[in-house]
Every structure is written in C-alpha cells, then in structure tokens.
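Number of protein chains: 2
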Amino acid sequence: MFEIKAKDGKGRVGVLKTKHGDVKTPALMPVIHPRKQALDVSKYGADIVITNAYLIYKDPELKQKAIDEGLHKLINFDGPIMTDSGSFQLSVYGDVEITNKEVIEFQEMIKTDIGTSLDIPTAPFVDRQQAESDMEITIERAREAIDYKKEQNMEMLLNSVVQGSTFLDLRRECAKELSALDADLYPIGAVVPLMESYHYRDLVDVVMNSMKELSDTVPRHLMGAGHPMIFALCVAMGCDLFDSAAYILYAEDDRLLSTRGTFKLENLQEMPCSCEVCTKYTPDDLRAMPKEKRRDLIAQHNLHVSFAELRLIRQAIYDGNLMELVEERCRAHPALLEAQRQLGNYSADLEKYDPRSKKSAFFYTGPESLCRPEVLRHMQKLREMPKKRDLLILPPTKKPYSKFISGKLGEFYIYGAEQELDLENTDFMVLDIPFGLIPLEIDEVYPLSQNDAPKTRDVDSIEFIEDFITEFVEYYEQVLIHSRIIKDLEIGLYNKCSFEDIRYQKDDVKKVKAIADYQFGVGAGDALFKGNIIIEKSKKTGKIRHIYDGKVLIVNMRASDSYLILSKEGAKRLHNAMPYPQNRVVVNKDSEPFALDGKSVFCKFVVECDEDIRAKDEVLIVNEQDKLLAYGKALLGACEIEQFETGQAIKTRKGMRK
Amino acid sequence: MFEIKAKDGKGRVGVLKTKHGDVKTPALMPVIHPRKQALDVSKYGADIVITNAYLIYKDPELKQKAIDEGLHKLINFDGPIMTDSGSFQLSVYGDVEITNKEVIEFQEMIKTDIGTSLDIPTAPFVDRQQAESDMEITIERAREAIDYKKEQNMEMLLNSVVQGSTFLDLRRECAKELSALDADLYPIGAVVPLMESYHYRDLVDVVMNSMKELSDTVPRHLMGAGHPMIFALCVAMGCDLFDSAAYILYAEDDRLLSTRGTFKLENLQEMPCSCEVCTKYTPDDLRAMPKEKRRDLIAQHNLHVSFAELRLIRQAIYDGNLMELVEERCRAHPALLEAQRQLGNYSADLEKYDPRSKKSAFFYTGPESLCRPEVLRHMQKLREMPKKRDLLILPPTKKPYSKFISGKLGEFYIYGAEQELDLENTDFMVLDIPFGLIPLEIDEVYPLSQNDAPKTRDVDSIEFIEDFITEFVEYYEQVLIHSRIIKDLEIGLYNKCSFEDIRYQKDDVKKVKAIADYQFGVGAGDALFKGNIIIEKSKKTGKIRHIYDGKVLIVNMRASDSYLILSKEGAKRLHNAMPYPQNRVVVNKDSEPFALDGKSVFCKFVVECDEDIRAKDEVLIVNEQDKLLAYGKALLGACEIEQFETGQAIKTRKGMRK
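Protein chains in written order, with the numbering used here: chain A, 190 to 847; chain B, 190 to 847.
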C-alpha cells in the first residue's frame, strides 16, 4: 500500500498505491470543489486530489450523480481521489447532518479511493477537557469506521485523523491508539489555525509528538497545509501528503504563493517566479484583466510553485540535502526560524531515521545546523569509541585533515602539570565546526570530511566546540591543545608543552580498525583485522580500497564515504565477534533458504533487528538461532524495518550458501 | 543616461537609457555568440544582450556584414547590445591582434550601444607588481577610449573596466581614477576565477572596495557573473548588470542553474523549478533527447530561472526586503554564508545608501542580521540621543512595546548602591533583538517596531544585547534592570531594588519630542514642539496623527512608520533651530524660484546637502544663503543626490511662496 523509495532524515519519497494508480509522495492534493471547480488541476501536476464527500452528500443533485456515475466522473478526475467527511463543516457549524457510519458508507458507495471517518477537529489552545473528550470520540469513530470497513469488505482506503489540540501528550496518545488500528493513512488534523497565526513552533511540537507514535508504514497527511513555504519543514518532520485549497482561495483574493511567503498582487511590480504565468504576464497585465481570468492565472501560478517545491523537496531527499533546503526555507520568516530551532530539540527522533551516508555534503547554514541528527550521532559515537591515555587536539586544515597533516605539528599547550609524552598512547583529533572533535583515523568517514562551514564562526559554534573540549578533556589523563586553538578560543589555564617535535604517525591498520569500531561498534576493528593484514590502495587516489588477511578479502572501503563493505570473510568475522543482536537483522525460518541464496530480505520476514541500524548500514542477516545466513546493505532504518510488512529491508550482497 | 527608481541598501532598481531602448536594472545580459547562437534569448526575458566585438572583427565574413548592416542585424536583436573588446581573449591567449583605438573605432562603426576599451583582466592572487602595471594600462586605455570617443563624437556608451586583482587598495585606486573620467558604465572585471573557485568572500572584498570609489550615477556591471545563486548578494553590493554565457555553457554540459546551486542532469529524478521546461519534461525525457534539443531546453530553463531571480530581486528592492532575500540565498553554500558574514564588515558603506523607512518589516534570519545597516544606524542614533540621569531596562513585550507596557512593571535590580529614584529623570528602554535598547518614546518609529525575530535566541544575539547593556550602563548614573532580564542573561553584581511600584508614565509630548530628536537630530524636539501643543490622535487606531501649536499644524505623523512629516510651520521651526547644513538640501540660484513654487528638486541643481540625509527623509530645501525655499521628501541618499546630474532628488511637499 505504501513503500519508501528514498529517505533523508525523517523525510521520505514514497509510493502510495490506490486503485486509481500510484502516487509519488510527498504529494499535494489540490482541493476540488464538486460544483464550482474552474481549473483542471491535473494539467499543473496534480496526481491525486481531495474533495468533500459531505458537500456532495448534502447536495441532492451531486449526490445522485455521484451514486449513479461515481465520484471520478462527478469531478472529472481519473486519478486517485481522497474525500473528507464533513468534519471541517462540523468544526465550523458545530453540527453535521450525517453520522460516522453514514459518511463511511457513502464514501464507499461513490467509490472514493481514500475515505475519512467523521473526526472532531479540536482547535489549538482549547481547555484540556474538551481536547480529551473530542479525542475520545475521534478515536472511537476511527475504530468504528475500520470495523465497518472490514465488516462490509469495503475497497476504499481509510484515513484516521490524529487530534488532541495543542496538548502534546494527547497527540501522542491519539497517534498511539490509532496506530494500533488498521488505518491506511494518518492525517494530522486541526493544525490550520496554528499555520494561519504563524504558530509554527507549536506546529512542530504537534507534528513531532504525533510522529513519535504514528506507524512509519503509513502515509502521514498534514491536513489543510497548502502553503509551499512550509512544505520542506513538514516533509522533514515526516509528512507525506498535503492538501490545498490555498491555491484557489489565495487566487480569489489576488494573492500569489511562494516559498518565501505570500505576495499581494497590488504590491507587485514584478512577477515572482519562473512559471508560465510569471513569464507571460506582468502584474499590470493581471490587474487589468477581468477578475475570473486573473483568478485562474494566479491559481495556475500557485499550483506551479507548489508542485515545483514538492519536486525540489523530493530531489533534496534523493540527494540527501533536505535539511539544507529546510534551513533555507525557514529564513523566510522569523516564526519559521523559531520552528526550525524548535525542531532541533527533536534531533534524536530524526536521527533514528537518518541514513548513515548521503550523496550530498553536510552544509553548515547557521547555529541550527549544530542540532542536526548527524552531529548528535557523531557525538554519541565518539563517546563510545575506545580512548587512549592522552588526547592531542589540532586545528582544522583542508579536508580530509589526515591528508594535509604532516611534519612537525607546532606548539602545544597542556592542561595541568606536564607528564611524559607517549604519542603511541595518544588520540589525535581535529577540532572543527560542525562535528567538534574528529579523530584523524576516521576523518574520511561520512560526513566528517564531507561537510563545509563558513570560516567566520558564530558564537554558538565557538561555544559548541568549547563545550566539546570541556567534555572530552575529562576522558583523558593528559590533553595537549595546539597553540592556534588556545589563541582562537582564548582558553586559559594551559601551560606550554616543552616537547617541540610532535608528529602524527599515520598507520593504515589503526585507521581501518578505528573506522570499523566507529561503523560497527567497539571491538569490530580487532575482530575484522587480525592475521596477515594487507591493505591495497587505489593507484589513482591513494585511498584504501581493499583489505585482506593474506589472500582473503575482508572488506572493501567505499571511496565516496569511506565506510567498510563486508566480504563473506568480513561478515563471518564480524558475526563471530559482535554479540547478538548487534549489526544483525533476524529473519524468520521461512525466509532462511532465500537469504542463504543471497536473495534480498523483505521487511515482512524480519522478526527482530539491531535498533542502531540505519539506512545504508552494512548488516548481517541471521536466523533466530543467530546462524549467519547472508550480509548486505540496509535500505531502511531499524524502526522502519520492524514496522513495515511490505517492501525490501536489506539489499543482500551475498548469501552464505554461495 | 541612468536613473534610480527604487532603493534598498546599496541595491537599486534603475533605468539605463540607450539608443535602442531602456533597460530596467538589475539586468542580465545573455552572451550571444555572433556565429553559432541557437536560442532567441529575447523570448525568455532578455532586454539587453552582450556579444564580442573582437570575435566579429577577427571573422572577415562577420566583420563585413557587421560593417555593412550593423551589429543589430548581424545578431538579429533589436534591443540594446553591449560589446566586449577582446580582453577576455587577451587574458586567455596573452595577445590580441587589435589595438585599443581600433577596437573602439570598430565598435562605433558596427553601431554597438555600449562598447568597451581593451582592458587587461588581471587574475586574482597574482603578484602586486603585475596587478599594478596591468591596472595602469587599463586606466590609460580607458582614458584613451574616452578621449577618442569625444574627439570623434561617437554615439556609443563606453565601459571602463575596474581591475586590480585581489589587491583591495588597487581596486579602490582604479575605481577612483576611472570615476574621474567620463565613462558611461563601470564593469568590475576579472572576478570569474573568484566565483568559479567559491572565493565569494574575496568577491565581496573586491566588489565592495571597487564600490567605495565608483560613481553612484553610473551602472556597475559584474563582468562574467551569470549564476543566479549570487545575483541577490551582488545586487545588495550595488551591482546593476550581469552577463551570462553560463546559461548556454552549463546547458551544453547538461547542468541546470538554480538559486540553490547547480544540478547535474544525471543526478536529477525531478525537475527543480516551476518553469515551462520543468513542468513539461521529466529528467528522463531530457536524457532521452538528442543532445541539441536537450541543450536548448536546459538553456531555456537556465534563462527562466535567471530572469525570475532578477524579477524577484527587483521586487525585493521595491518591498525593502532585499537583505532578507540575500540572507536566504546565502544559505545555499557555506562559502556564500561566509561572504555574507564578510559583507557585515561593510555595514557602514551600505548604511549610507539605505532608506530610512521601508515597506517591509525587518526580519532577523540569523546572527548576520545583527550586522545590518539598520542596526548600525540605530546604535549610532541612540548614542547621540540626549540622556537622562538614570536608565531603566525592560524585557520585550509584543510590539509596539509602549502599547503593551502598563501598570506595575515588576521587580528591578540595580547596579551598585541604590540611590533615590527619580522616574522623571529616567530613560525607559526595552532590551530586544535585533535593536538592542529601544527607548519607549521612539519604539513605533521604523524599524523599531516593524521587525521580528525568533524567540529562541542564538548566542550571538545574547552577546549582542549584553554588549549593548555594558556600553549604555556607562552613560547613566544609576541603571535599573528588570528581574526577568537579570535571570535570562545571568547578569551578576546587581542588587534587588527596594522600590516596588515602578510604572511607566506615558507622555505624548515627550514622545513626539524624542521622535523629532531621533529623526532630525538632538534639539529638534524642543524647537518643533513649543507653544500650545495639541496632539490629535486617530479615533480608529489611537495613534498620533497631527500635532499643532494652537491651531497651526506643525507636523503629521505617518501611520506606517511613525516618522514626522513637516508642515510649513514645522519646516520653519526646524530651519530656525538646526544649524546649517543639517537636514538641508542646498540648491543653486537658478532653481530658487522653482523651489519656492513647490516644484520638485532635481539633482543637478543641488550644490550641497547634509551628508546624513537618506532616502525617504524629510528635508529642508534652502538656497546658498540658507534661506528656506521649500521642504519635502528625499528620494535618494546624500551621496547620490550630490553625484547625480539627472533625475529627481527631492519630492517637494510645499514651496514657501505659497
């Protein structure tokens, strides 16, 4: 029903399958008025639309036509159609002349692709009692709708709407209750007032708390969100579907949508985008037109910019730079920047979904970048890494640092009294923005070299690296800091180190062991690289390519991100050394022979997996007795692998039978 | 020849007049190949193009046709055409087979609209000696060209190119020498290598140093800049013209331009913008096409996004939010963010050109916003304002603060020993981002209320307001700080104030006097508002609208930005009180009668003016004996008024004769 095709953070490109065709997500569903629709939205990029079943139900003529000829004929659209249930009318007028069961039955009767139960949209900032009682009714009706659908063997997919107002625990509770049901899509409801009043920070709280409990296997629809200014932010939070009456409502009011906000036609001297309308007409042309023609052209512009933004978002997910796009978009208004800063507090939630390696470099775009999942992950990994007695901290060079660090390293300062030096028992690290301390052995691993930041540092960055030092100094007996850093950061209490000829001794074996520990967990390096280790490098780039024990290949190193790719021998060694379930995906008995033959692993056959697995990780495939069956590359993160019942989980490199 | 129509910072919308029509700037001139041009660029928004006179000269067939039929027929373009002189070829091949005089003569002969002398493009980071000697030749040839043009009575406009490599004093020197000549346009040359290597920070230094000495009356052309990613930044530095072969060169290489950078077609799954090409085709469609058709479509896309960006930039100048656009665009790459941070060091240069009031609110988009001209200007103004004995600092409320501050103000802390309180002798200020301290009397004046910042503060902001306090505490005997600020900022060394019932007493007369001092200079308030002051407010909004002495109107207050608009009486009082040349534009004898009649003042009649005048300022118009002739609103800043020989300087409100 829903499959993930590409991921970046919690954002995903997916495919939603309906009986009227597939929809690529994130997608925008233009709202179609069943009676007065002027524009053929499919011309401007709409693959799916939304209309209101209750409005059709209330209009005898439309109702009869819908029952006789079907919804698709009624609104003249061949693709998938979602219908809303009248709950918006309920929220506006306080009452509707239809029951939950009736509206479900009616939606199936007119052959909608996706129907909706009659939820109660609870406005933001109401009192808790109302939010609770509304939510209970909403959950009850969702349950009733799902039961009724099953009982009647209905074909349509079903929306179950998350409510709970701005009470974050209620949003979580509602999402949890609904996820236990068998709904096909989860809209997040009643957020329009938050968006209209620029409460984007609260929007982040509401969406992220709903997301905490919503199943990952089901598309999430941010109801009523139709302004392209917020699409990127919301996709980064995990939203897959948007709907929009904005394109036409704004057009009726002579307002043009853009990712930078809204332009009033009366204030425009220039057309603001590259679309057909903006290149063919001037603002004066539009102002001189009859109202209806102008409205249609502005609506076309609004659709063009909305669909272009979704294309750009999907491309950013493919490229692995969605967060950079979000950070750019959130400069359009201080309330959006505030929302982005708030999203930084949910970094651990995003990290769980964030692929380990991406096509794009990590770009530092401001203090908010320090809260990104990649930074959090590196800090956690670094804390776990084995530590030598002493730590030596170097200023950044060009990247990869280890390539440009050689010879005498210069003057150092030591915290406290100087002990004797033992460079063999010293960790060499570079101090840089945005990853803090980077051990030289792992500096080529994504994203530790694949990142860029401005040279002029903001104060948040400076505090960030100062905090990093303060923490890591505690883990070592003796810490040497390069004089340039002491000068830059105005660090006191350090004494000049008497030893003047400090050099960094490159050691490829240490390097690959450190990478293995960083990638697979502590101990992996020693386990993988024992015996007669031979390291083969690319003649062209000088980079490590293959690592052998004698003539037996253990791992390859991927040139683009320096992660290790297991061979059969590597997989065996890792399997022997690392405790269950680390690095493992556990498949059920039925799929055992397929895995042994090297066939890819589908989610539905996975019974358990290491919760630290992220998309693009190298993983071991084992049976429930921890017998190694195969090894391969994860396509999803652990939480997704465990939840999905369809689609591939692991692209197997090789089965152990072969 | 060139007129400014709208301004924001150093950015400007202008009109360049040529014999083949007017060009609205900032403008992009697509490079036309005189022989193998495939695309009719006028279809995609080009009003002016550039081609290479030397290439035509070198090709006997083209040369003959150009001489016989003219350049416009040769390249089939009816609008204005600029020609380059072969200096690019000189920089690549080290030599050209033409002299400076010959190329000037040839360009006039083929009827170009704008010709170029044979400058020497000096690459960045060469040795100083070379940069100097190249520059001398460049200046000499510019002089020769201008003399030759005068001597021969040529019709074409002339480019004189600023060189000097990355030596900033040489750029300034070259710009100064050229500005003394009578050139019609100033290209800034040899910056392409900086852009190609992402040395945007150096680009800022080179451009801003050239700008320091270039005449404001002449369009500035950033030679070879054709990537829409940097247009906004460069316009904010004062560039008016760009030229681009990028649209076709990138297309030949299957690369798509965007304001976020460059997309390689091979990596695209989605088309990245809203243009006709991006809506009609998929990346797969393009990849399947014959090379030439694909190239033309990608070139069309490249032109669409480039012209759309220029429209958006011009709109941002009209709206007064160019810097917000720059701050957004500079998130596209850390090297651009670095450039923007560097531009912050030229804030005083930008402030001179920045209108006092704008249509848009000031949006805080990150630490860089603290370096904006508006912030610098407020700090300077605030330092000049008269100060009471004590200072009381309040935390921010909704804006305008003075509307939401009432009743008991809460607990305060005092630096040092407590003296008796004298609230009559106390300045009440709010501490906020991004304007630091805002006296309550002037809090409605643009942009002190017309701004927005995220609630979550970055550390730069916190340091900024801490520094503000540290400085201003010194100007007062006793400083009271609200307990919430003490808590927020963790300020020590303050003792709790014993007095508990501190209130802010609103006083409209004090308010309008403070605004007058802030707007016109210290002393203006007392001078304007003496006698029987009657303040009339809007019944609808409660805002001050008119201020009288008895029945005589002194000033109106503009609702949108709370600046004072002079009446005849107000102008007289201001003129009496403020010393020459403060608040004044001095016109020559000839224009005296026109000014007295209330006709608007043109730049060419201005002999002197107060250097603190900024666009949108209320100003007095006087003769050289300081007789008040009229009063009105400045349309340009002081430096522009003094330099321009064409166009309006002041929109006169009234002449004193009437």
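The hints are simulated quantities; they were obtained by calculation from the structure and are not laboratory data. Errors might be hidden in some of the hints.
Just so you know, same-sequence chains aren't split out, so a pair can sit in one copy or run between any two.
Here are the simulated lysine-lysine pairs, DSS-like style, with alpha carbons at most 30 angstroms apart [said to hold, decoys possible]: (1) K482 - K469; (2) K206 - K262; (3) K254 - K300; (4) K570 - K254; (5) K541 - K761; (6) K469 - K232; (7) K778 - K732; (8) K469 - K778; (9) K232 - K453; (10) K822 - K453; (11) K577 - K469.
These figures come from a predicted structure and were not determined experimentally.
**Request:** Against the earlier hints, flag every one the structure doesn't satisfy and list their numbers going up.
**Result:** Failing hints, ascending: 4, 7, 8 and 11.
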